[in-house]
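As they're listed, the protein sequences go chains V and W.
Numbering of the first sequence is given in my numbering, commencing with residue 1 and proceeding in unit increments.
Numbering of the second sequence is given in my numbering, commencing with residue 1 and proceeding in unit increments.
To be clear, the hints were calculated from the coordinates, so they are not data collected in a lab.
Careful: at least some of the hints might be erroneous.
Now the in silico label distances, taken between C-beta atoms and shown as ranges [to be verified]:
| no. | chain 1 | residue 1 | chain 2 | residue 2 | range |
| --- | --- | --- | --- | --- | --- |
| 1 | W | Arg116 | V | Met183 | 24 to 30 Å |
| 2 | W | Ala195 | V | Glu217 | 36 to 42 Å |
| 3 | W | Arg113 | V | Gly219 | 41 to 47 Å |
| 4 | V | Gly211 | W | Gln115 | 26 to 32 Å |
For every residue, glycine included, the Cβ atom is placed at its ideal position computed from N, Cα and C.
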Amino acid sequence: MPDFRNFGVMLRILLGVNLLAFCAALMQSAGVSDWLQHYVDMAAWVQPLLIFNLSLLALCGDLLRRLAPWVGQALVLVAAAASAAELVDFWRFMGFDDGGWQRLSRAALLSGMAAAVMLFYFALRARAFSPALAEARLQALTARIRPHFLFNSLNAVLSLIRAEPRRAETALEELAELFRALMRDHRDLLPLADEIALCRQYLNLEKLRLGDRLNVEWGVVDIPDDLKVPPLLLQPLLENAVYYGIEPSNEPGTVRIRFARKGNELHIGLANPCPAGGGAAGGNHMAIANIRERLALYYDLEARLETKEVELKDGRREYRVRIVLPCGRAKL
Amino acid sequence: MSAAQTLAVMIVDDETPARLRLHDLLADLAPEMPNAVVAEAADGMLALAAIEGLAVDVALIDIRMPGMDGIELARHLTRLEHPPAVIFVTAYDGYAVEAFELNAVDYLVKPVRAQRLLAALQKARHSRPAAPQVLAGLQQGARSHLSCQERGRLLLIPLAEILYLKAELKYVTARTASREYLLDESLTHLEEEFAERFIRLHRSALVAKDAIIGFERSAGDDAETQWHAVLRGVPEKLPVSRRQWPLVKSYAKQRG
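Starting from the given sequences, assemble the full structure and let the hints guide the process.
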């Protein structure tokens with residue numbers, strides 16, 4: 001049973017049923033010219049039904065998911081058929097339709113069938129994206145840290161042991177924490193505060209190597225403590241920011257990270273400089289595509305990730321990543 | 001050089017801790033392998049400035065550095081009168097390591113171990129520096145500078161300043177707005193490496209695409225018209241061969 005409150009699921013139902021109506025209109029029409037007219041006539045029936053049923057499903061979604069799948073599916077079919085029959089009866093009452101037993105059953109059957117097709121589609125889709133597959137996919141996608149970073153960090157820690165043993169200790173502790181996070185089971189959402197702490201540890205380690213070349217600006221405003229996000233959502237992006245934005249440049253650069261809550265959405269913004277001659281960031285695209293796919297697995301259409309390169313007023317270029325997440329629920 | 005003589009070492013790495021670590025290791029190895037760090041630099045350009053007037057036996061060079069990378073630095077170093085032996089140091093770079101193995105170029109992986117460093121220094125003491133062609137093969141992408149030797153000094157020519165390259169007898173000259181340089185390179189290789197930046201006008205001239213400001217027809221009264229490219233910043237005009245003219249013209253057209 002799909003999550004009827006998910007925007008992606010709703011959109012799929014809307015589009016799917018309208019596609020069915022579109023086909024049906026073509027079958028009814030004599031030629032292509034009156035096809036659209038038939039569809040518009042049909043839409044007067046289809047849209048109210050769709051909206052009513054979508055709201056009903058959104059309200060009762062949690063209840064339906066608790067039942068055995070076949071009971072849930074049967075209930076959805078009954079609801080679709082009954083609401084169609086009810087609509088025909090209402091139209092008769094308003095004087096738009098002749099009504100009658102024949103009309104009533106026809107509407108119920110058509111609506112039930114459309115519902116059955118959609119349920120079948122979601123069942124197929126669920127099988128294609130079964131949790132086991134999705135989990136395996138997530139495990140594979142969760143970015144592994146660059147070996148480049150690991151070996152450089154170890155090298156930096158080694159250099160500190162003699163001169164500043166205490167800083168070396170802290171750095172090794174942070175490295176251990178980072179690897180604990182990387183080797184964790186990656187399926188469950190984690191508190192955003194944990195991800196931020198992880199990112200801070202990561203950036204501390206990078207600062208050890210890069211010193212004054214790396215500056216970081218955090219903007220964390222009004223973020224609820226219980227907010228959860230997919231694990232390792234930001235760390236790979238920061239790693240990219242350092243690898244492509246800071247390391248290739250002699251000049252000091254700033255990585256900016258901003259969090260803001262807008263209504264029921266969490267907005268995350270990351271920015272890093274694009275050094276001249278930094279070249280195309282091939283690996284960067286891979287990491288971005290990776291996170292985008294993970295977001296889709298967790299949130300379907302309700303999350304998005306955008307990237308762009310902007311030119312600042314002083315002529316320098318900046319690479320920006322923006323992630324928008326729904327606060328709270330995820331599919332898995 | 002006798003075995004007891006002190007080895008003059010240069011360290012080039014953009015990360016301070018990485019340089020510190022090599023410093024420590026070299027100090028540890030001093031009883032077995034007398035050495036002294038004579039120069040340290042945070043990138044390729046600084047390294048070339050630092051090495052001037054110094055006798056350096058071995059250069060320990062990080063590969064991934066801002067500005068000029070380690071491999072390009074090593075290529076420029078080969079033009080010195082007494083080029084140092086180069087040992088590359090890299091954190092992790094599958095491609096580079098494979099290429100080093102293939103070409104028997106010495107390298108160390110970070111974190112560097114004292115024993116490996118000692119072995120590399122001993123080897124460097126007795127081997128000849130890697131050939132320029134080998135280093136050229138290791139480089140991914142194009143260099144940021146060309147270099148040449150003049151009266152014992154190494155000169156760096158930023159690629160962006162070069163207006164054209166011309167083959168003359170044994171040498172290739174590079175022309176910038178201010179002067180000419182004699183290069184020890186082949187025009188064909190330069191054309192391959194910098195295909196994005198230069199366009200061929202005739203058999204022995206490559207011109208920077210952004211240096212062309214127009215074309216002039218020669219005022220000869222013979223039947224064959226000869227075109228010349230007019231360049232920004234220099235008075236001389238370069239002839240365009242009849243074979244290259246259609247290509248050059250189409251390029252000029254698409255640029256508007």
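> Broken hints, numbered, in rising order?
Replying inline: none
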